[in-house]
Amino acid sequence: MKKSLFISVCIVFFVGVLVLYRYPKISVEQKIYRVGIPKPLPTLLPAFEGFKTGMKNQGYEEGKNISYAIIEEGANPAETKERLEKFILEKPDLIYVLGVNAARDAKELSAKDDPTLPIVFAVVSDPVGNGLVADLRSSGNNLTGVSGGNDIIAAKRVELFLELVPRTKRIIFIWNNALTTGIEHVRKAVAAAQGVELVEHHVQSEADVDAYLLTFSPQEGDALFRAPDSVLARRVRKLSEWTLAHNIPLVGTNSDDVRLGALMSYGADFEQIGEQAAEFADHILKGAKPADIPVAYPARYEFVLNTQTAEKLGMTFSPDALANVDKYVP
Numbered sequence: 054m055k056k057s058l059f060i061s062v063c064i065v066f067f068v069g070v071l072v073l074y075r076y077p078k079i080s081v082e083q084k085i086y087r088v089g090i091p092k093p094l095p096t097l098l099p100a101f102e103g104f105k106t107g108m109k110n111q112g113y114e115e116g117k118n119i120s121y122a123i124i125e126e127g128a129n130p131a132e133t134k135e136r137l138e139k140f141i142l143e144k145p146d147l148i149y150v151l152g153v154n155a156a157r158d159a160k161e162l163s164a165k166d167d168p169t170l171p172i173v174f175a176v177v178s179d180p181v182g183n184g185l186v187a188d189l190r191s192s193g194n195n196l197t198g199v200s201g202g203n204d205i206i207a208a209k210r211v212e213l214f215l216e217l218v219p220r221t222k223r224i225i226f227i228w229n230n231a232l233t234t235g236i237e238h239v240r241k242a243v244a245a246a247q248g249v250e251l252v253e254h255h256v257q258s259e260a261d262v263d264a265y266l267l268t269f270s271p272q273e274g275d276a277l278f279r280a281p282d283s284v285l286a287r288r289v290r291k292l293s294e295w296t297l298a299h300n301i302p303l304v305g306t307n308s309d310d311v312r313l314g315a316l317m318s319y320g321a322d323f324e325q326i327g328e329q330a331a332e333f334a335d336h337i338l339k340g341a342k343p344a345d346i347p348v349a350y351p352a353r354y355e356f357v358l359n360t361q362t363a364e365k366l367g368m369t370f371s372p373d374a375l376a377n378v379d380k381y382v383p
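Numbering-wise, our numbering puts 192 at position 139 of the sequence shown, and it's gapless, one number per residue.
Because the hints were derived from the structure by calculation, they are not lab data.
27 Å max Cα-Cα, derived DSS-like pairs, lysine-lysine:
| hint | residue 1 | residue 2 |
| --- | --- | --- |
| 1 | K134 | K144 |
| 2 | K109 | K342 |
| 3 | K339 | K139 |
Nothing here was measured: the structure is a model prediction, and the numbers come from that model.
Kindly generate the complete structure, drawing on both the sequences and the hints.
Here it is in structure tokens:
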């Protein structure tokens, strides 16, 4: 009996060795999630980097269990849209979009080609008004994300600037999309300030911005506010150069504007927004539906000041005004 048991064990052992010899490595491949990202504007790059950082913090590593496909911008909006549609037809696991225009394109194309494709957006003001989601609590579709909130903090941006530069007489406000700029909040904030005039100019394109700058004659006491929309975002560097040449301050919407030469900005930390969006993406890749994840607002807003620009403009500020500053860019 014992001898038979010993022989049986030996047979099982040698069969096992034979299997291991013939098939030395049997493994289950780990899924690599494919995430598409339409190439963002330069001012939105921090939200792209923040997303990748956030995904890494959630356990996703490029080349191991996730890959990012950057969808390059075309020569015109139609070509850009065609490239996005081509990628959507390849059935990725998720699309991450930055800005309202890219989000609109992704929503439209996914509704036509792949209605269940999860889309996470970031730095999109008024996602309900812009037609991306039905409600902030539940999108009712395949989208969710983090709003930039620029529309609701526009008045605070005006207030902080006027505390910083109280001698301001006119605020020049060039804007494209009323839903993202918070124009009504700007009007109310300027109306509440004594002795300050608001000069508005609506533009349809970047060429309109350039044409306006060529014809507008700034005065002492002017300040130019950069509206938070894609048209003005593409002209931050030019606006910075123009304002410095005319010795007036430029007010931006985020810290990247300040790095490009704006005197100050008040807005969301785009890198942190990207990290928030990564949490949403993680939940979705693990099975959650976008419609079940409420749209979020930034966890914090920051007041950033460019000391070099202030020096070039010959500006000094009161200690009370500087007490509000969260970050300095030299």
